[in-house]
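Number of protein chains: 2
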Amino acid sequence: MATLVDTWFSSHRARLQRAVEACAQRSAWTPFIESPSGTLHPDGAKAAGQAWFDATLGTSFPLTMPGEIGRTGAEVSPYTGEPLGVDYPAVDPDALMRAAKAALPSWRDAGVQARVGVCMEILDRLAADVFANAFATMHTAGQGFMMAFAGSGANSLDRGLEGLAYAYKAMRDVPEGAVFERRFGGAPVRLRKRYRLIPRGVAVVISCGSYPAWNAYPALFANLATANPVVLKPHPECILPMARAVQIARATLEEAGFDPNVVTLAADTRASPITKDLLLHESTAIIDFTGSQAFGAWIETHCTAADVYTETAGCNAVVVESAVALDPVVDAIAQSLCLFSAQMCTAAQNIFVPRDGVRVGEERVSPAAFSEALVGAIDRMLADPQHAAGICGALQTDAINDTLRRLADHPGVVRASVPYAHPAYPNARTATPLVIRASAPDSVYQQEHFGPVGFVIEADSREQALEHASADAQQFGSIANYAYSVDPRFCAAIEDTFASRGSSVGINLLGQRPINFTAAFSDYHVTGLNPAGNACLTDLAFVTRRFRIVQSKTEEPCPASTTS
Amino acid sequence: MATLVDTWFSSHRARLQRAVEACAQRSAWTPFIESPSGTLHPDGAKAAGQAWFDATLGTSFPLTMPGEIGRTGAEVSPYTGEPLGVDYPAVDPDALMRAAKAALPSWRDAGVQARVGVCMEILDRLAADVFANAFATMHTAGQGFMMAFAGSGANSLDRGLEGLAYAYKAMRDVPEGAVFERRFGGAPVRLRKRYRLIPRGVAVVISCGSYPAWNAYPALFANLATANPVVLKPHPECILPMARAVQIARATLEEAGFDPNVVTLAADTRASPITKDLLLHESTAIIDFTGSQAFGAWIETHCTAADVYTETAGCNAVVVESAVALDPVVDAIAQSLCLFSAQMCTAAQNIFVPRDGVRVGEERVSPAAFSEALVGAIDRMLADPQHAAGICGALQTDAINDTLRRLADHPGVVRASVPYAHPAYPNARTATPLVIRASAPDSVYQQEHFGPVGFVIEADSREQALEHASADAQQFGSIANYAYSVDPRFCAAIEDTFASRGSSVGINLLGQRPINFTAAFSDYHVTGLNPAGNACLTDLAFVTRRFRIVQSKTEEPCPASTTS
Chain A
0 MATLVDTWFS SHRARLQRAV EACAQRSAWT PFIESPSGTL HPDGAKAAGQ
50 AWFDATLGTS FPLTMPGEIG RTGAEVSPYT GEPLGVDYPA VDPDALMRAA
100 KAALPSWRDA GVQARVGVCM EILDRLAADV FANAFATMHT AGQGFMMAFA
150 GSGANSLDRG LEGLAYAYKA MRDVPEGAVF ERRFGGAPVR LRKRYRLIPR
200 GVAVVISCGS YPAWNAYPAL FANLATANPV VLKPHPECIL PMARAVQIAR
250 ATLEEAGFDP NVVTLAADTR ASPITKDLLL HESTAIIDFT GSQAFGAWIE
300 THCTAADVYT ETAGCNAVVV ESAVALDPVV DAIAQSLCLF SAQMCTAAQN
350 IFVPRDGVRV GEERVSPAAF SEALVGAIDR MLADPQHAAG ICGALQTDAI
400 NDTLRRLADH PGVVRASVPY AHPAYPNART ATPLVIRASA PDSVYQQEHF
450 GPVGFVIEAD SREQALEHAS ADAQQFGSIA NYAYSVDPRF CAAIEDTFAS
500 RGSSVGINLL GQRPINFTAA FSDYHVTGLN PAGNACLTDL AFVTRRFRIV
550 QSKTEEPCPA STTS
Chain B
0 MATLVDTWFS SHRARLQRAV EACAQRSAWT PFIESPSGTL HPDGAKAAGQ
50 AWFDATLGTS FPLTMPGEIG RTGAEVSPYT GEPLGVDYPA VDPDALMRAA
100 KAALPSWRDA GVQARVGVCM EILDRLAADV FANAFATMHT AGQGFMMAFA
150 GSGANSLDRG LEGLAYAYKA MRDVPEGAVF ERRFGGAPVR LRKRYRLIPR
200 GVAVVISCGS YPAWNAYPAL FANLATANPV VLKPHPECIL PMARAVQIAR
250 ATLEEAGFDP NVVTLAADTR ASPITKDLLL HESTAIIDFT GSQAFGAWIE
300 THCTAADVYT ETAGCNAVVV ESAVALDPVV DAIAQSLCLF SAQMCTAAQN
350 IFVPRDGVRV GEERVSPAAF SEALVGAIDR MLADPQHAAG ICGALQTDAI
400 NDTLRRLADH PGVVRASVPY AHPAYPNART ATPLVIRASA PDSVYQQEHF
450 GPVGFVIEAD SREQALEHAS ADAQQFGSIA NYAYSVDPRF CAAIEDTFAS
500 RGSSVGINLL GQRPINFTAA FSDYHVTGLN PAGNACLTDL AFVTRRFRIV
550 QSKTEEPCPA STTS
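Protein sequences appear in the order of chains A and B. For the first sequence, numbering that gives the first Met the number 0 gives the first residue as 0, with consecutive numbering after it. For the second sequence, numbering that gives the first Met the number 0 gives the first residue as 0, with consecutive numbering after it.
I should point out that these hints are in silico values taken from the structure, not numbers from a laboratory. C-beta atoms are modelled at their ideal positions from N, C-alpha and C, and glycine is treated no differently. Treat the hints with caution; some may be incorrect.
Unchecked claim - With the C-beta cut set under 7 Å, the calculated list includes, among others, these residues of chain A facing chain B:
hint, residue
1, D172
2, A177
3, F179
4, R195
5, T303
6, E494
7, A498
8, I506
9, L508
10, L528
11, A540
12, I548
13, V549
14, K552
15, E554
One chain only, chain A, in its complex shape:
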């Protein structure tokens, strides 16, 4: 057992070390493969992933859990509209938590190096499984294949490795022991001190329905590295990719001789939810939550016995002040509204323009003309259904259609949301962006409308546009904001103003497409200074409280060897 784990640690050590450096430098780096090109993967890898997914449909997922009281699962593919027909263990929360807790001591006692070695090996195996993960993510979250492959593959593995690297660094900051020598009045005294890293307890990781791996992996690996057993509670409509990850993690743990209950799955359905049972369970010491702002706030207020990390959502703003050319700007924004049907937490929603227009060269583009250009860009982007399918994917949840219906009658609608016809999946749940014109301020846009909804909002001036955008970001939450300006002084004001409101901003993103893209090892995701979440992916604060330090000190020499 020790040998296998030692081998894992040694073989992954260089990558781990490089990841720790990347966290400090924060330039571009990834050890994982973002492209699904056949030349970069083993022969037949994509076909094998597809075959695994096809064979899994309509079966019992090969996973048993402690406290299993039956089977559960009611996932429906957003592409086919058909139930996946996959069932998972239904668990008794008490029994599951007991098993997770029982797995803690041996996992803790294995030590930092063994735990990190196992985590690196799990990451490696997940990386080898990216095609299977992509198909599972596509048919649960509704992501298009490319996003499911890259975003829920390499990009999510990056974030997992990043969380692991920070945990490793934070734990290494505490020496295993020290010798303390000084005089206390008389002769020199020597104390041998030992500092143990003690996990908090069981961590409940709640993954979301639209982008499960990206937020779950950092929490999973930060918790495992710091010796907290993980109960992974997937969104009821997005279980399969997480079940697959749990399966791989458990197999790796077992192979290394560890109790597989270090990682467990707590699946449920909307009809019979178990989330609150887990969150409020007396054994729950850590909560990592990705999901709605309202539920995140509820957890922050009510789960005070646990160490709580939330990543939720906000209404992300775009301030458009000026540009060299209009088309690249509206194309970039249009893509953000279309991409994965704006179900990413970094998707733009509220596009602020000055009432007297966006400066483009010597011209002023009026809000009306800007809206028209944006709508035109969206229409062009989605004209080809094949292309539309690749960009938009499918709607993860029917609730988005409710939102779109509710807003359809708004007097400011300049582009109606209609479905696009998916060329491969005629029953796919799809929607193209709804675009609405409004004037600042208006409560209609001062909340997140999850899904493809964009507002073009007139403000009295560019300063007012920035003021509204940043104040809303602070008050209603935001994860990523954007701005376009060719005026260096206004760009400086944009940076300062968003920073003073605790919100991040990307300026003049044109070559970085999609603008939504957030890079592990470089972008700090979520500031914790507005209602869009309290935790950052990934900084030291994300990991340092997951373990505590217990010290013992012993005076030497042992009194048995001397007469004092």
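Fit chain B to the supplied structure of chain A, relying on the hints for placement.
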């Protein structure tokens, strides 16, 4: 302005760097002077401190505050029984918080190096003021002069520097910026990223009545370094040393050209408390609390909008299994019961012995004989009033006498608590240890009795003694536990058992006297795994959440310089 602050940073840089190293190595180190010996301090330093204290009695403390609505203060010297007669600003919490908040932007924008330079300079000035601080602490907290000088002087400054060093290290972990270059499909894209450290907001630091500087300094400097203005709320009976520290901090800030309201004082009295107004204030972003377990728990549960750090109290245990000689062991424990009248959070309270006796060589010392030896050691230690005064100091609060009266009739009393006659202060509020015999388990000792109270508790066996001690530590809280054994296997069990219960332990402490001593840069104080507090002095977790990271990223070259 910049020049002075730069000079400060440069002149203190070597000490800061050494402190960062000390935090990582955790062996013995201090840059401050623990001894009041005249040869180690400027001529007349002690006399000047005494003169300052004498001249301060019966005056208005020379400090004004924003939002001042009058004067307040009702401190009484535990030594003389007389009011100090010192008054301080009484403040309107709203106005004070507004002023603290207004001081934030310029302090934040000064940058890490400037803030840390100012903090190092404040520490230096506090170090030059240790005699004044000692007299102020003595006549408010009730500490004896030596403890007030060393414990509330060098030892507290160490903890402050330690908190500062961790904050510095954590902030340096975030680069100021990065260049991010990669391809997004087409040509390489270059993003200039900037990572700003943003403070949470106003920090309310609540210092305790018995040991104000030791816990307040780490919080003060960790908050200041990370740009959070500090409202220092001292215990109503222990304002003077904190007012002095605030005065020095404000003078240093002003000299450097900063808004002095970066550090403010919020004094009150028991009759008109303002603590909850501050804790629940909408501008309060961070709370550092030292005080009772009950109030700490209330804060943890109710102040969910703030980032909360608590250091409270517990019932610390001693497990006495065996020894080479009995006298050194009972002397060490007796001292812990006497020292500062057991008003330290690391004082022993519950002394567990096996029913069949403590092994000493070939002998077994019965619980009765052990109690007798302990009482004898206490009596010997306090026989000389001069010596007793040096060890015991005075009782910080009258409430301890209530405790002693309540327990005086317990049938297990083997040593009654009587005052000792202080040779210099005939009206000093003093008490010697009350010692009570009990059998495990008994609710009488399963709580902290603040003050000089010790229980000698019989357990069925040494294993049961360890079991009771560690289980109580976990359930009722403990900050420091102790054990004596010459059996290496039992010592290992002691370490493992306390660690598994989330509590620290010191084994065979004999040469380290007092056993209560906790060294900054070496001892991790409070585990956060039991009810004695959620924060550790000092680890990375103590500092990493005090600031957040806001990023901006800008695509380069600027669009104004190109046609895209």
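Right, here's what the structure says about each hint:
The closest approach between the C-beta of D172 (chain A) and any C-beta of chain B is roughly 6 Å, which is under the 7 Å cut-off, so the hint is satisfied. Annotation: interface hint on A177 (chain A) holds; nearest CB of chain B at approximately 4 Å, less than 7 Å. Contact between F179 (chain A) and chain B, as hinted, is supported at the beta carbon level, the nearest pair being about 5 Å apart and thus within 7 Å. Interface hint at R195 (chain A): satisfied, since its Cβ lies 5 Å from the closest Cβ of chain B, which is below the 7 Å cut-off.
Evaluation of the T303 (chain A) hint against chain B yields a held restraint, the C-beta minimum of about 5 Å falling below 7 Å. Restraint check, E494 (chain A) versus chain B: the minimum CB separation of about 4 Å is within 7 Å; hint holds. Interface hint status for A498 (chain A): upheld, as the beta-carbon distance to the closest one in chain B is roughly 5 Å, under 7 Å. With its C-beta approaching chain B no nearer than about 4 Å, I506 (chain A) sits inside the 7 Å limit, and its interface hint holds.
With its C-beta approaching chain B no nearer than about 5 Å, L508 (chain A) sits inside the 7 Å limit, and its interface hint holds. Hint status for L528 (chain A): holds, given a least beta-carbon distance of 5 Å to chain B, under 7 Å. A least Cβ separation of about 4 Å between A540 (chain A) and chain B falls short of the 7 Å threshold, and the interface hint therefore holds. Interface restraint check for I548 (chain A): the shortest CB-CB distance to chain B comes to about 4 Å, inside 7 Å, so the restraint holds.
With its C-beta approaching chain B no nearer than about 5 Å, V549 (chain A) sits inside the 7 Å limit, and its interface hint holds. At its closest, the beta carbon of K552 (chain A) sits 5 Å from a beta carbon of chain B; the interface hint therefore holds under the 7 Å criterion. For E554 (chain A), the interface hint holds, the least distance from its beta-carbon to any beta-carbon of chain B being 5 Å, beneath 7 Å.
In summary, the structure agrees with every hint in the numbered list given earlier.
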